[in-house]
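Residue numbers (the numbering used here), protein chains in the order written: chain A, 1 to 170; chain B, 1 to 100; chain C, 1 to 339.
Worth flagging that the hints you see were computed from the coordinates, not collected in a lab.
By construction, the Cβ of each residue, glycine as well, lies at the ideal position given by its N, Cα and C atoms.
There's no promise every hint is true.
To be verified - Here are the computed lysine to any residue pairs in the SDA-like style, where the Cα-Cα straight-line distance is at most 20 Å:
1. C:K64 / C:A240
2. A:K135 / B:G78
3. A:K167 / C:K319
4. A:K167 / B:G78
5. C:K143 / A:L20
6. B:K87 / A:R168
7. C:K143 / A:M74
8. A:K135 / B:F49
9. A:K167 / C:A154
10. C:K143 / A:V28
11. A:K167 / C:R315
12. A:K167 / B:L81
13. C:K74 / A:K167
14. C:K11 / C:Q107
15. B:K87 / A:L20
What the hints assert, rightly or not - Short derived list, chain C residues pointing at chain A, Cβ under 7 Å:
16. V33
17. I55
18. L120
19. S124
20. I128
21. V130
22. S276
23. F277
24. I281
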Amino acid sequence: MNQAIAFYVLSAFILGFAVLVVSTRNTVHAVLYLVLNFLAVAALYVLLTAQFLAVIQVLVYAGGIVVLYLFVVMLVNLKRPPEDHSAPQRHSWIGFGLSGLVLLELAVIIGYGSIAPPGPANAQNTDLAMYNVEKIGMLLYTDYLIPFEVASMLLLVAMVGAIILAKREL
Amino acid sequence: MITPTHYMLLSTALFIIGVLGVMLRRNIIVIFMSIELILNAVNINLIAFSYQLQNGIGQVFAIFVIAVAAAEAAVGLGIILAFYRNKETINIDEMSVMRW
Amino acid sequence: MIDTYLIPLLKILFVLNATLVGVTYMVLLERKVIAWVQVRLGPMRVGPYGVLQPIADAVKLILKEDITPTRADKWVFTAAPIIVMVPALITFAVIPFGPVVNLFGRQVPLYITDVNVGLLYIVSVASIGVYGIILGGWASNSKFPLLASLRASAQLISYEVAVTMTLVSMIMTAGTLSMVKIVESQYNAHLWFIFVQPVAFVLFFIGGLAETNRAPFDMAEAEQELTGGFHTEYSGMRFALFFLAEYANMIVVSSVATTLFLGGWLRPFPNIAALSFLGIIPSWMWFLLKTFVFLYIFLWVRATLPRYRYDQLMRLGWKVLIPVAIANVVVTGIVMVLF
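With the sequences and hints as input, model every part of the structure.
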């Protein structure tokens with residue numbers, strides 16, 4: 001019962017802030033709505049007993065990636081909103097219509113698909129919920145060690161690439 | 001009772017909102033942020049199933065998605081900055097350097 | 001019912017009030033300590049020995065005119081001080097002030113909650129606090145605060161990496177992320193972790209100085225630099241909120257350092273029964289004493305050291321602290337495997 005209320009409230013926040021991100025004219029406001037969206041998603045992860053992912057979401061996504069977006073928005077400090085002089089004959093209603101159709105189709109498929117059973121009975125006391133960090137750490141370092149190392153190489157390459165791309169003079 | 005179906009519907013709605021952002025906005029930074037929304041939708045789906053099946057692999061996959069999103073954001077924003085320094089615009093309609 | 005709702009609510013109210021009073025009196029303490037270092041007396045007029053000075057400061061700031069720059073972004077301008085203050089306050093939810101004690105016939109733990117990712121929670125809400133500084137400078141719609149806020153936030157995110165690496169080596173030593181279990185592992189190891197990881201302690205302290213924008217790393221907000229930094233356009237209670245958030249962050253860093261390195265609520269030599277007369281001093285009093293020692297060192301450093309220039313600051317963070325922190329993690333790992 002409490003879980004249901006929490007889920008619906010958090011979903012309202014997540015979808016509301018997402019719509020605001022996509023529709024605001026002011027880019028800084030859009031970035032701030034994105035932060036709030038990520039914080040709501042982190043709260044949803046706590047509801048799903050994925051505590052480690054929740055703090056990683058806040059630490060890396062909301063506290064790292066979006067700070068990067070905010071910096072770039074401030075460095076690209078334009079005098080007029082960048083979309084003021086877009087082509088006036090853009091037909092955005094086609095996009096809305098098609099997306100609505102796809103959403104309807106997917107919702108019907110999911111809703112009428114196999115009714116998935118609810119989560120485990122003692123969800124708060126399972127091993128994965130209580131020893132979340134230990135279990136994920138074990139998985140990361142034993143079964144999925146190679147993807148872990150590849151991800152670290154990817155981050156190194158991305159770091160070098162970002163520095164080279166953003167330098168003023170090579 | 002909140003089943004994984006609810007989480008999948010939430011994830012689909014968030015995904016469609018992200019796709020709308022990528023299609024309809026012309027400000028390239030907002031397009032990048034909509035891509036982050038899409039990745040978050042996928043993450044919600046993964047973690048909902050990890051909870052349902054009590055298998056940590058969903059959360060491990062979500063960690064990798066976050067790592068890849070961080071790498072992509074860094075490189076993408078570097079490209080935006082480099083482009084802005086040359087062309088003084090972030091409207092993708094004007095970033096049509098290779099069109100005639 | 002009482003246990004799940006009423007007691008945590010009372011604890012939250014108590015900790016919040018104690019923090020806010022403590023933060024207000026930190027202002028007085030700082031002025032007094034810096035004055036004594038400089039062979040003068042500090043505030044002495046308001047109340048006996050200046051004890052009521054923070055109340056006078058608070059009244060003055062509340063009654064000041066609330067100016068918002070004309071072309072500033074109103075919502076963001078209002079939200080920025082709040083975004084700086086809230087992470088500093090919500091960190092206190094996981095800090096353990098003491099073990100489970102017997103209070104009015106109930107077993108009451110002296111911490112608001114024990115999250116199993118407590119240390120990582122503290123780091124993640126600290127990274128949210130960076131937004132307040134960036135937005136404070138941006139929303140003021142004026143050049144000097146914007147530049148100062150970009151500098152301050154670049155400093156914060158750089159030192160965040162060093163602090164997080166240091167905390168990784170502490171997590172390896174303690175074997176857990178939960179703050180309460182870190183203190184208990186110090187009890188089981190018969191040693192405060194400052195003796196096990198002295199390098200991590202020094203790194204954490206320097207990183208904590210930089211994370212809270214305290215001297216010698218306070219380039220971003222000092223009055224002589226960039227006309228007052230990112231809070232130039234703020235007046236009255238909003239300015240007060242920025243400063244109180246800085247002191248609250250100081251208390252948070254001191255509390256975390258106490259829990260990680262000085263054994264939290266444990267008395268010195270907790271396993272030696274011969275010294276159990278030290279148990280007269282309750283556990284939370286030991287915690288407060290140790291935190292106070294750290295706060296005093298923060299103030300002492302401010303009174304003594306000159307300010308770092310910005311490029312020296314960034315060089316120290318990236319070229320010295322981060323490599324040393326990573327080396328510390330590697331050495332910790334090697335030692336843990338071999339012994």
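Can we keep the L120 of chain C interface hint, with Cβ of chain A closer than 7 Å?
Hint on L120 of chain C: holds, closest Cβ of chain A at ~4 Å, below 7 Å.
If you draw a straight line from the CA of K167 of chain A to the CA of A154 of chain C, is it 20 Å or shorter?
16 Å, holds
Holds or violated: K167 of chain A with G78 of chain B, Cα cutoff 20 Å?
9 Å, holds
Quickly compare the C-alpha distance for K87 of chain B and R168 of chain A to 20 Å and report which way the hint goes.
14 Å, holds
20 Å limit on alpha-carbon distance, applied to hinted pair K135 of chain A and F49 of chain B:
Judged against 20 Å, a Cα distance of about 16 Å means the pair holds.
Holds or violated: K64 of chain C with A240 of chain C, Cα cutoff 20 Å?
11 Å, holds
Is the hint on S276 of chain C kept, meaning its closest Cβ partner in chain A is under 7 Å away?
34 Å, violated
Straight-line alpha-carbon gap K167 of chain A to R315 of chain C, limit 20 Å:
Judged against 20 Å, a Cα distance of about 18 Å means the pair holds.
Under the criterion that the straight-line Cα-Cα distance not exceed 20 Å, is the pair K87 of chain B, L20 of chain A satisfied?
28 Å, violated
F277 of chain C as an interface hint toward chain A, with CB separation required under 7 Å:
Constraint on F277 of chain C not satisfied, violated at 38 Å.
Quick one, are K143 of chain C and V28 of chain A close enough, alpha carbons at most 20 Å?
17 Å, holds
Taking the least C-beta to C-beta distance, is V33 of chain C closer than 7 Å to chain A?
32 Å, violated
In summary, the numbered hints that this structure violates are 2, 5, 13, 15, 16, 17, 22, 23 and 24.
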